[in-house]
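Numbering (my numbering), first residue to last: 643 to 1088.
Heads up, some of the hints might be wrong.
[What the hints assert, rightly or not] In silico lysine-lysine, DSS-like type, Cα no more than 27 angstroms apart, as pairs: (1) 1074 to 825; (2) 786 to 887; (3) 760 to 786; (4) 998 to 1008; (5) 825 to 954; (6) 887 to 912; (7) 666 to 825; (8) 998 to 912; (9) 1011 to 999; (10) 666 to 1074; (11) 786 to 912; (12) 991 to 1008; (13) 887 to 954; (14) 887 to 760; (15) 998 to 1011; (16) 887 to 668; (17) 887 to 1044; (18) 1008 to 887; (19) 912 to 1008; (20) 999 to 912; (21) 668 to 1074; (22) 991 to 912; (23) 991 to 760; (24) 991 to 1011; (25) 954 to 1044; (26) 1044 to 912; (27) 786 to 1011; (28) 666 to 760; (29) 991 to 954; (30) 998 to 1016; (31) 1016 to 912; (32) 998 to 887.
[Stated by the list, open to error] Pairwise CB distance ranges, derived in the manner of DEER restraints: (33) 693 to 1044: 28 to 34 angstroms; (34) 885 to 693: 49 to 55 angstroms; (35) 1034 to 1066: 19 to 25 angstroms; (36) 931 to 985: 24 to 30 angstroms.
Just so you know, these hints were derived from the structure itself, not from any lab.
These numbers come from a predicted model, not from an experiment.
No residue lacks a Cβ here, since even glycine has one placed at the ideal position from N, Cα and C.
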Amino acid sequence: MQQNIDQQQVVSNLVASWKSSGLKQKLIFTFLIIALFRFGAQLPIYGINNEVFQNLASGNNLIGFLDMFSGGALGKVSIFALGIGPFITSSIIMQLMAVIIPSLERAQKEDGEAGRRKIQQLTRIFAVFLALFQSIIFALALYKLPGAIIPGVNPLMFFVGSAFSLTAGAIIVMWLAELITEKGVGNGASLLIFVGIIAGIPLYCSRTATLVSQDSMLQLGLIALIAIFIATILFIIVLHEAARKVPIVSARRQVGNKVYGGQNTNIPFKLNPGGVMPIIFAIAILLFPATVLGFVQQMHVENVVLAGIFEKLSLIFSANSPWYYIIYFLLIVTLTFFYASIIPSMQPKEIANNLKKYGSAIPGVKPGKPTADKLNEILSRITLIGAVALGIIAMIPTVATKVTSITTFQGIGATSLIILVGVALDFINQIKTHLLAKNYESFLQQ
643 MQQNIDQQQV VSNLVASWKS SGLKQKLIFT FLIIALFRFG AQLPIYGINN
693 EVFQNLASGN NLIGFLDMFS GGALGKVSIF ALGIGPFITS SIIMQLMAVI
743 IPSLERAQKE DGEAGRRKIQ QLTRIFAVFL ALFQSIIFAL ALYKLPGAII
793 PGVNPLMFFV GSAFSLTAGA IIVMWLAELI TEKGVGNGAS LLIFVGIIAG
843 IPLYCSRTAT LVSQDSMLQL GLIALIAIFI ATILFIIVLH EAARKVPIVS
893 ARRQVGNKVY GGQNTNIPFK LNPGGVMPII FAIAILLFPA TVLGFVQQMH
943 VENVVLAGIF EKLSLIFSAN SPWYYIIYFL LIVTLTFFYA SIIPSMQPKE
993 IANNLKKYGS AIPGVKPGKP TADKLNEILS RITLIGAVAL GIIAMIPTVA
1043 TKVTSITTFQ GIGATSLIIL VGVALDFINQ IKTHLLAKNY ESFLQQ
């Protein structure tokens, strides 16, 4: 009886928190922005023949892969065809520059909110230039594609209009992502990629059903592939939630008649500190050379040696090449370390200084530099384990699709699964955190 009363009390508290916390408004705002993004993804640029490009996309793994992340916007040659890609790429470059350029590093670490806004503004400006560059390449590719322009449309006007429409679309998507981050729930860029992947799943399911309907061996392969996907999702959840807890002992301090400290606590360090960001960054980095090489191929280089070099590079960065996946794996490992190095809660020297300041220490380790060295050793090990595990998980569905010969699910690989699971978990955790914070606020006000 008492347990039922307690459960009813918990439910009533959660309902009260939901009504008074403003979370409902944040969720409604987030879903409205997502709906607006999906609406824009259905609007094709003027003068394009969608069928011609869709036929090309169906036979090109790279275009199909990009189309999955744009939620079909690329296949429809929508005004949102570039998606959030330019903004993600710009964020990567600016974070790298913040490590290399001292003024940006100071702005990031010492200038507080003003420094963060400065870097954010530079990221936006650079994203616009990247979007313009990618739009020109894409518009040029459409211009050169036979039958892509509807008869009667001026080719020059089509090229100029397409380039500016795609650039404007990328800027709008960047703005929508920032609106979600600031006024909604979750990370806007990750959520838009999440929605894009979800939107493409029905098409993959229908293609797979058509493929396996007449072949019993492929049906068995589909069962095995689904089992591998489920196991991969479980591994992703474990990797996302796993943490190494470092024990901390606080020294006892007596102030008057009261004794403070003396309690044993721990510092949790996540096995995968970067979450989905190393995956998203790795994809963005791999897409940049592919975009440049596509532009070079459109130029029809006459020099035989250069043409041969560009052709070999195009094969290396092709989604069918083993080198592509080797580079992808190494990028994931490298970016996981990079992302861990810029997270404020994973800085050994700062943590060691704070522990020494408040009279806390790791059992058996002296305060100061020895503590920083110990934390650096722990963080290096767990980050390496997490980075390698993330890279291995990224390879599993790709190998599975080749073994089972079911290529219709090739777009929904580990990359998509990691993003889907990671973003979903982050979204749920943010909702829980918001409810708990408001619940504590209401408790303190009583």
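Hints, one by one, checked against the model:
1. 1074 to 825: 17 angstroms, holds
2. 786 to 887: 57 angstroms, violated
3. 760 to 786: 40 angstroms, violated
4. 998 to 1008: 9 angstroms, holds
5. 825 to 954: Between residue 825 and residue 954 the Cα gap is close to 46 angstroms, so the pair fails against 27 angstroms, i.e. violated.
6. 887 to 912: 9 angstroms, holds
7. 666 to 825: At roughly 12 angstroms apart (the allowed maximum being 27 angstroms), residue 825 and residue 666 satisfy the hint.
8. 998 to 912: 22 angstroms, holds
9. 1011 to 999: Given pair residue 1011, residue 999 holds - Cα atoms ~13 angstroms apart, limit 27 angstroms.
10. 666 to 1074: This hinted pair holds, its Cα atoms lying about 13 angstroms apart.
11. 786 to 912: Answer violated: residue 786 to residue 912 is near 48 angstroms, above 27 angstroms.
12. 991 to 1008: 13 angstroms, holds
13. 887 to 954: Violated - the C-alpha atoms of residue 954 and residue 887 are around 47 angstroms apart, more than 27 angstroms.
14. 887 to 760: Not OK: residue 887 and residue 760 at ~35 angstroms, beyond 27 angstroms, violated.
15. 998 to 1011: Holds, because 10 angstroms separates the two Cα atoms, which is no more than 27 angstroms.
16. 887 to 668: 33 angstroms, violated
17. 887 to 1044: 39 angstroms, violated
18. 1008 to 887: 18 angstroms, holds
19. 912 to 1008: 24 angstroms, holds
20. 999 to 912: 24 angstroms, holds
21. 668 to 1074: 13 angstroms, holds
22. 991 to 912: 18 angstroms, holds
23. 991 to 760: 26 angstroms, holds
24. 991 to 1011: 8 angstroms, holds
25. 954 to 1044: 23 angstroms, holds
26. 1044 to 912: With a Cα-Cα distance of about 32 angstroms, the restraint between residue 1044 and residue 912 is violated, given a limit of 27 angstroms.
27. 786 to 1011: 61 angstroms, violated
28. 666 to 760: 31 angstroms, violated
29. 991 to 954: 45 angstroms, violated
30. 998 to 1016: Answer holds: residue 998 to residue 1016 is near 14 angstroms, not above 27 angstroms.
31. 1016 to 912: 16 angstroms, holds
32. 998 to 887: 19 angstroms, holds
33. 693 to 1044: 28 to 34 angstroms: With a Cβ separation near 30 angstroms, residue 693 and residue 1044 satisfy 28 to 34 angstroms, so the hint holds.
34. 885 to 693: 49 to 55 angstroms: Between residue 885 and residue 693, where Cβ atoms are some 50 angstroms apart, the hint holds.
35. 1034 to 1066: 19 to 25 angstroms: 21 angstroms, holds
36. 931 to 985: 24 to 30 angstroms: 27 angstroms, holds
The structure does not agree with the numbered hints 2, 3, 5, 11, 13, 14, 16, 17, 26, 27, 28 and 29 stated previously, though it agrees with the rest.
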